[in-house]
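J.: The listed protein sequences derive, respectively, from chains A, B, C and D. Heads up, the final residue of the first sequence is numbered 345 in our numbering, and it's a clean run with no missing numbers. Heads up, the final residue of the second sequence is numbered 345 in our numbering, and it's a clean run with no missing numbers. Heads up, the final residue of the third sequence is numbered 345 in our numbering, and it's a clean run with no missing numbers. Heads up, the final residue of the fourth sequence is numbered 345 in our numbering, and it's a clean run with no missing numbers.
In short, the hints are calculated from the structure, not lab data. Honestly, I wouldn't trust all of these hints.
Copies of one chain are not kept apart here, so a pair can be met inside one copy or by any two copies together.
Straight-line distance between alpha carbons at most 25 Å, and here's what the computed PhoX-like set of lysine-lysine pairs gives [said to hold, decoys possible]:
hint: 1; residue 1: Lys-174; residue 2: Lys-197
hint: 2; residue 1: Lys-72; residue 2: Lys-39
hint: 3; residue 1: Lys-333; residue 2: Lys-91
hint: 4; residue 1: Lys-17; residue 2: Lys-39
hint: 5; residue 1: Lys-121; residue 2: Lys-158
hint: 6; residue 1: Lys-174; residue 2: Lys-150
hint: 7; residue 1: Lys-39; residue 2: Lys-69
hint: 8; residue 1: Lys-31; residue 2: Lys-69
hint: 9; residue 1: Lys-17; residue 2: Lys-31
hint: 10; residue 1: Lys-121; residue 2: Lys-91
hint: 11; residue 1: Lys-333; residue 2: Lys-162
hint: 12; residue 1: Lys-333; residue 2: Lys-158
hint: 13; residue 1: Lys-121; residue 2: Lys-330
hint: 14; residue 1: Lys-150; residue 2: Lys-162
There are 4 protein chains.
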Amino acid sequence: MVIIMNPDATAENIKAVIEAVQSVGLAAKVMEGTQQKIVGVLGDKTKLGSMAIDAMEGVEQSVAISKSYKLVSREFHPMSSVIDVSGVKIGGDEPVIMAGPCAVESRNQLLEAAEIAAKGGAQFLRGGAYKPRTSPYSFQGLEEEGLKYLDEARSKYGLKIVTEVTEVEAVKPVSDFADLLQIGARNMQNFRLLKEVGRSNRPVMLKRGLAATLDEWLNAAEYIMAEGNQKVIFCERGIRTYETYTRNTLDMSAVPAIKHLSHLPIIVDPSHGTGKWRMIKPMSLAAIAAGADGLIIEMHPNPAKALSDGPQSITPEHYYETMTAISKLAKFLKDEGINPLND
Amino acid sequence: MVIIMNPDATAENIKAVIEAVQSVGLAAKVMEGTQQKIVGVLGDKTKLGSMAIDAMEGVEQSVAISKSYKLVSREFHPMSSVIDVSGVKIGGDEPVIMAGPCAVESRNQLLEAAEIAAKGGAQFLRGGAYKPRTSPYSFQGLEEEGLKYLDEARSKYGLKIVTEVTEVEAVKPVSDFADLLQIGARNMQNFRLLKEVGRSNRPVMLKRGLAATLDEWLNAAEYIMAEGNQKVIFCERGIRTYETYTRNTLDMSAVPAIKHLSHLPIIVDPSHGTGKWRMIKPMSLAAIAAGADGLIIEMHPNPAKALSDGPQSITPEHYYETMTAISKLAKFLKDEGINPLND
Amino acid sequence: MVIIMNPDATAENIKAVIEAVQSVGLAAKVMEGTQQKIVGVLGDKTKLGSMAIDAMEGVEQSVAISKSYKLVSREFHPMSSVIDVSGVKIGGDEPVIMAGPCAVESRNQLLEAAEIAAKGGAQFLRGGAYKPRTSPYSFQGLEEEGLKYLDEARSKYGLKIVTEVTEVEAVKPVSDFADLLQIGARNMQNFRLLKEVGRSNRPVMLKRGLAATLDEWLNAAEYIMAEGNQKVIFCERGIRTYETYTRNTLDMSAVPAIKHLSHLPIIVDPSHGTGKWRMIKPMSLAAIAAGADGLIIEMHPNPAKALSDGPQSITPEHYYETMTAISKLAKFLKDEGINPLND
Amino acid sequence: MVIIMNPDATAENIKAVIEAVQSVGLAAKVMEGTQQKIVGVLGDKTKLGSMAIDAMEGVEQSVAISKSYKLVSREFHPMSSVIDVSGVKIGGDEPVIMAGPCAVESRNQLLEAAEIAAKGGAQFLRGGAYKPRTSPYSFQGLEEEGLKYLDEARSKYGLKIVTEVTEVEAVKPVSDFADLLQIGARNMQNFRLLKEVGRSNRPVMLKRGLAATLDEWLNAAEYIMAEGNQKVIFCERGIRTYETYTRNTLDMSAVPAIKHLSHLPIIVDPSHGTGKWRMIKPMSLAAIAAGADGLIIEMHPNPAKALSDGPQSITPEHYYETMTAISKLAKFLKDEGINPLND
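All chains, please: the whole structure from these sequences, using the hints.
T.: Shown next as structure tokens:
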């Protein structure tokens, strides 16, 4: 931590700051600038708690330097992690595709979607059984019945299942069943839930919060890893900005950012990221070209009839076309040895 | 709902849209513009689910018209609600002040803070026993021990207690104890938690999410009310924007907006809203002048030693000065009959 | 400037950074943390240009410390400035009110508006003769004809005139005529225009850019002052955020922020700041209570017929009611000696 | 336009709205919903100006439906436009690359950069002679001297020149010299400047404003085209969001959005879009895969010595590596017939 003093800070102000730092067992060094003095804090800054240096007399601002996450950090773990999810490797050579409807609506709809997902080449079937919805009067999911249909689809089409867990009580039953647990955007800082999935033995896909910074997202993953679960996968799903044409603004730069700051894999959700089915193909290709480890795509046998998130679901025809293009692109990048990241 | 067709939509496209609308029992009316056709949907649009009209051929865009919240709405309940919290009325003639430290740190700190809060004229003591923190390595609160100290402070200084509830399991114990339950910004869309406090018999203060729209916030309150708990108070605590000088951007216009859209009271949190102790006095005065029903202010006997959120806590001296000014301003507005709202 | 090195930066990396700093005549001091080294840069950092320290091997990040604006800064000029505009003092004891229509539409409309503005107690008449509009097909203003009507209204009702200047060529003619030049939000970083008004002898009201940080805004004022014109007044008019209920999010905390960082006055525009006429009264009262030096309010003899920005204009009745409340509030704050700012 | 009435609007309110609409020569149709009435406005809505329907009694909200831009719109011009810039085609089969330093710093620096740009395969040399800078004390460009060096580099290496024009007076001299005029982000709504380049005979590259919506951006292009200049190229360069890790958030979805809404080409600027040299390669590949018509990349012979924007400039080595990857990717997409867009 670096503490920047006001130009008119007194010697006493500086002495008080140094004593505050030393009172928690840290060392302080003063550096004299031409306009203002700077106090550098040396040692493990977590000792500082959030001791409110900024509120002391004569202090202009303090600047945190070291990162607060560790297990998630690439500094701590320089090699990229490959996460094994029921035999499918995420973060390895091949991008992993998860496809399926936003919500499980009926047995028929899900089995049909699963057949299409598998035929198109996806390794995972997605589908929400519990749906967090803005209004209490919107469709909230089929719950356990939905899980049963997902299980049937898994056996029949050889797909792995990723599904959202929205509350602590559901972690055990959903873990017993799903291959990959999803923490949704609205729960990214539901710390109680993060700890609970951290104690589960299932891999977790952590979606970025609606307005979460990269730093908050990395710290949310740290909550999971600190409880012992090392299998975390990030999922960029768009952030909230002033632009209203798209449902969210897909932050494609999160892909190289996460790859630089963390050893964990990252996949991209172009469906929630844009809210527009027309953008799924271009954003999927872009994500793979940017170095993403996979995609999660909303596809519906009949999007116009979807109970939830229809405008961002693609039809089976667009899905096949998109999958063919993704697959060719991934092969091209691998064959040519093009690594989008410079590291 | 109004469905706007593309200028080049065919008669068949329009027919398909009408049929889709009728298939869920709603009526459709076509209106011909000079450039494009519009289909109006009549009837209870919740029947539509989110049937994905937008994904149908020839559809440019659909625009929702009626609001999805009802119990929260002023249309539904034209008179302003006054919420009784253990005898203190929120939403009535006098602004209600809640003051105290961000986190309960120790018995001494809390009792000292309570004494100051009461002396300054606050009706409520605030103080977090369970703290949701971005990093798993930050101070997480004293938990039950903290609740015990809050209880002691309440008896000793005749204050009501407002404290945050961060997980479903804590709703029962905290409800047994606190006068007012706080749902924090990070949990504004933790729907499971909203339902649980909706089933409690305690009033709830619902903070606005970090990047929540007014509409999402109103719908979150609807989750609580739909479960039977009619005592909900909104708390504006700043939203996330691009500006980094302040910790958040305090959206003062949320006060007249909520007053217009809902019958429920709204208070303002200038401490989290700005993250700067210097701004607490001006933003408190502004909130009262804008028509807020109260304030929640972070005050700490010794902000420079605060374990959490020090830079935004004011000292006892500033607190007394601010309280005197607020109290005079509230009296002035009442005596002069100045109603900031036009309604 | 403080340069933070990577934990794995080599001794050579650090040497290269020090040499780069020294090559432009600045001194460097190395500070050893437990995790990483920090290089402090001493001396006038403007010598550094933007020498791209961040791109050097082993550098994690550089953090600027001293501010880039000087003439605007309160550090440079501790006493608050009172700006005299044709005899009206802005930044003094009394808030200054500017009122009038968004655009000058006709002689009758303007004279009627001026009469109402004066009767309500405003010192300034506002009204755009040149209107910057998003679409080239929207009404663009009456231009010179509009200036003529403003002049007539000034003589007839004893008001000062504030009007926008949107291009370099207009600075001379508008300066010859207006009492106060307005730089609009869209032109806040039109540096050529800022320099031109900096060379004029007319006071300038500088509106905040749609997405401008406080730092950028202060630097924009520095452009004007660096050319010799010391009479600059800030005007907060709302910033662009994700919220769509209001046209912009009025950043009320900009009032204490600017008062803390600069010696120049700041006024508030609740009309553009919210885009809703219902919010003008509460936001006006809030601004005065927060310490603003004045207000600029859109008022129209007949808002429903306004050619531009009707929804945010108030009627004469609301204007009178709002002015009465503002005037009482300002008197109350003065009589009671309540200073919203702690400084 | 669709006008949504309050549920409690009276018959008189509705009558007044209809009369207001008819008073400007438009037709109105009333549609009765179950909760509220809707008034549809038929005819050329530009006649409405911004007549402030929203401020009328009983009106809840009005929703604009038809777009305000025409010449820019794909509806108006269904075929994609290919813009010829001094013989280089933008918007055709091959992506166009513009490379070079942020600012022209010296003859040597520029000639060296031009040699590298040409060797790597770029068709355009970029380099600012006039630099708009946040602080008046930052390096502002070499101005005419810079143009001279650009001219020399053009002849020597057979590159086209793209350079920014920041003020009306500079349009003529820069048009006489440059192949492509750049309008920078800060000037996207400098309407006077847009009109001036609209009267020039040079193609214009229009950067997206820092916080511009797609709609505002398209309207800004309409200003240029409405003056007669049909050669406009969009350039996405990142938008301002709450995220601070990247300088801006590169909105990759702007590529398919602009391609859908307009017939004009769009290129991407990964350098300003991210502010980080490490992200240039992945974001360049992603942009091409998303369907962008080209890229503008900051490259500097020695980024660590750059006077401006060094952290986002790549070295010659990274530039060559990136160009090779881009070129292979573009060839792959063409050979395989992969069109990222579904249209």
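J.: If a hint holds in the structure, say so; if it doesn't, say that too.
T.: Here is how each hint holds up against the structure:
Proximity of Lys-174 to Lys-197 under the C-alpha cut-off of 25 Å is found in both arrangements, the shortest distances being 13 Å within a copy and 21 Å between copies. For the identical chains of this complex, Lys-72 and Lys-39 are inter-copy neighbours only, at 18 Å across copies versus 31 Å inside a copy, given an alpha-carbon limit of 25 Å. Taking the shortest alpha-carbon separations for Lys-333 and Lys-91, only the intra-copy value of 16 Å comes in at or below 25 Å, while the best inter-copy value is 30 Å. When the C-alpha separation of Lys-17 and Lys-39 is checked against a cutoff of 25 Å, the pair qualifies both within a copy, at 12 Å, and between copies, at 23 Å.
In this assembly of identical chains, the alpha carbons of Lys-121 and Lys-158 lie at most 25 Å apart only when taken from the same copy (12 Å versus 55 Å across copies). Proximity of Lys-174 to Lys-150 under the C-alpha cut-off of 25 Å is restricted to the intra-copy arrangement: shortest distance 15 Å within a copy versus 32 Å between copies. Proximity of Lys-39 and Lys-69 under a CA criterion of 25 Å is satisfied in both settings, with 24 Å inside one chain copy and 14 Å between copies. Taking CA atoms no more than 25 Å apart as the test, Lys-31 paired with Lys-69 passes in both settings, with 20 Å inside one copy and 23 Å between copies.
In this assembly of identical chains, Lys-17 and Lys-31 lie within 25 Å of each other by CA distance both inside one copy and across copies; the values are 11 Å within and 21 Å between. For the identical chains of this complex, Lys-121 and Lys-91 are intra-copy neighbours only, at 20 Å inside a copy versus 40 Å across copies, given an alpha-carbon limit of 25 Å. Taking the shortest Cα distances, Lys-333 and Lys-162 sit within 25 Å of each other inside one copy (22 Å), while across copies they are farther apart (35 Å). Within a single copy, Lys-333 and Lys-158 get their C-alpha atoms no closer than 28 Å, and across copies no closer than 40 Å, so neither meets the 25 Å cut-off.
When the C-alpha separation of Lys-121 and Lys-330 is checked against a cutoff of 25 Å, the pair qualifies only within one copy, where the shortest distance is 16 Å, while the shortest distance between copies is 29 Å. Taking the closest pair of Cα atoms, Lys-150 and Lys-162 come within 25 Å of each other only inside a single copy of the chain (14 Å); across copies the shortest separation is 48 Å, beyond that limit.
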